[in-house]
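Taken in sequence, the protein lines are chains A and B.
Counting with numbering that gives the first Met the number 0, you get residues 0 to 207 for the letters of the first sequence.
Counting with numbering that gives the first Met the number 0, you get residues 0 to 200 for the letters of the second sequence.
Treat the hints with care, as some may be off.
So the derived list for chain B, only partly shown, Cβ under 8 Å to chain A, looks like this [said to hold, decoys possible]:
1) K39
2) V41
3) D50
4) G51
5) Y52
6) T53
7) F54
8) G55
9) P56
10) Y189
11) F190
12) T192
13) I193
If you are wondering where the hints come from, they were derived from the structure by calculation, not from laboratory data.
Just so you know, even glycine gets a beta-carbon here, dropped at the ideal spot from N, CA and C.
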Amino acid sequence: MSETENTDQSFENFMAGSNYFSSTSVNIYIGGSEGICGSGEKMDFSYIQFAPQQSVVPVYNIFGTLPSLMLRGNSIVRGVIGLNFQLATYMTNIEEVSKYKEVELRYTGNISTKYDSPKVYDDYLIYVPHMRIDFINELALKPKDSEARVVVPTISMFDVYFSGGVISVAPDGSPVQDVYQYMARRQIRKDVFTTINYEDAMEVQTSE
Amino acid sequence: MLDPIVITPADSIVYAKMFGATVILDTIMAMTISTDADVKPVWNLGSKSPDGYTFGPSIIAGTIVFPKTMSLPFDELLIHSGSFPYVHKMSDARFDEFFKDPVELKPEYAPPFSIVILSTSEVMRKPAINYKYISGVKIVNVDEQMDQSSMTSVVVYKYTASNIKNKHSMTNGRSISLIEPTGNKMKSSYFNTIYNKIMAG
Chain A
0 MSETENTDQS FENFMAGSNY FSSTSVNIYI GGSEGICGSG EKMDFSYIQF
50 APQQSVVPVY NIFGTLPSLM LRGNSIVRGV IGLNFQLATY MTNIEEVSKY
100 KEVELRYTGN ISTKYDSPKV YDDYLIYVPH MRIDFINELA LKPKDSEARV
150 VVPTISMFDV YFSGGVISVA PDGSPVQDVY QYMARRQIRK DVFTTINYED
200 AMEVQTSE
Chain B
0 MLDPIVITPA DSIVYAKMFG ATVILDTIMA MTISTDADVK PVWNLGSKSP
50 DGYTFGPSII AGTIVFPKTM SLPFDELLIH SGSFPYVHKM SDARFDEFFK
100 DPVELKPEYA PPFSIVILST SEVMRKPAIN YKYISGVKIV NVDEQMDQSS
150 MTSVVVYKYT ASNIKNKHSM TNGRSISLIE PTGNKMKSSY FNTIYNKIMA
200 G
């Protein structure tokens, strides 16, 4: 049998067209570890944007038009994160919540961070050691193979400092937005896999 | 192979569940349920046909039609929801409506509730039940329709809802439990931790 004829019999090939992501695929966690899908505390964010910046300086020889070498300069990650406003203290309570959810909000990975738990300096500055974005498509699919896996791209940011908390309100009934800017010391991208487990809690249960 | 079981409107009972009360909406004339997901095709350069799809937000929407009565049905339901005992009928609220104070309530601004549709059929080899559990039902529009040439004037409610679950079960006479669909399996409990702490003072 040719490879083409066999295409849909492989779960990975069957899922190939579903390996693109949109906002519904994005889950953001604080705490946990880099590269471990679903670890940490899931946060209710409505918007995220970030830009890793690395300055590169070209060095020119006086006789040449092309750079002789490229020097690597400073790096930083800058970003903006928004949430649908629910509580004035949603972000500033994170240190307090970490006393109750110590396991979830603590960073357990291998990167050196300033602290391993969130810290709130004041209403203007909030520190979290690790924030991770998981890109996972929750498809309505029950694979026959119980070990079926999907690839989950993840992006982790370390030593993240949030500032701001800009409230934005429009008179059209849309949710009030609470927008924070942040800077992170480091970013790591990892593609990992997770095993699909579509245990359905909504299944009708019968009892004697 | 078993014959497919056809469910007719007469085989179905519609319940509203709100604030801990469950009420049979026995005066419903008609109902529609639509689900919609915003699916976008993905093309790469050099591709004519889509290489895949992304899945956007989804919504459930539909209409619920009641006959026009002295007061609007969902106004009545919402105002009496606290006093409805388990499986009280909607029509019971209608019978004594003249003895109640006039209800002035906008269902559009009421919090979301749930609707459960239980269906069965008399023509089956084994007893079975189908249920549709619609949660987060939000009334968004109320439309009264009166027509000189029509025998029945109706009130049409348009709604959107957050989650829907369609299940069936061969019960063999055993009880089944209905569990409200919550949709987001990875929902955050972070908010609840803060919220409960504030509520506890």
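Tested hints:
Among the interface hints, the one on K39 of chain B holds; its C-beta lies about 7 Å from the nearest C-beta in chain A, closer than the 8 Å criterion. The closest approach between the C-beta of V41 of chain B and any C-beta of chain A is roughly 5 Å, which is under the 8 Å cut-off, so the hint is satisfied. Hint status for D50 of chain B: holds, given a least beta-carbon distance of 7 Å to chain A, under 8 Å. Of the supplied interface hints, the one on G51 of chain B holds, with its beta-carbon coming within about 4 Å of a beta-carbon of chain A, less than 8 Å.
Against a cut-off of 8 Å between C-beta atoms, the interface hint on Y52 of chain B holds, since the closest Cβ of chain A lies about 6 Å away. Using the Cβ-Cβ criterion of 8 Å, the hint placing T53 of chain B at the interface with chain A is satisfied: the shortest such distance is roughly 4 Å. Among the interface hints, the one on F54 of chain B holds; its C-beta lies about 5 Å from the nearest C-beta in chain A, closer than the 8 Å criterion. A least Cβ separation of about 6 Å between G55 of chain B and chain A falls short of the 8 Å threshold, and the interface hint therefore holds.
A cut of 8 Å between beta carbons decides the hint on P56 of chain B: the least distance to chain A is about 6 Å, and the hint holds. Hint status for Y189 of chain B: holds, given a least beta-carbon distance of 5 Å to chain A, under 8 Å. Evaluation of the F190 of chain B hint against chain A yields a held restraint, the C-beta minimum of about 6 Å falling below 8 Å. Hint status for T192 of chain B relative to chain A: holds, with the closest Cβ pair at about 5 Å, below 8 Å.
Taken as an interface hint, I193 of chain B checks out: its beta carbon lies about 5 Å from the nearest beta carbon of chain A, inside 8 Å.
Against the hints set out earlier in the document, no violation occurs for any number.
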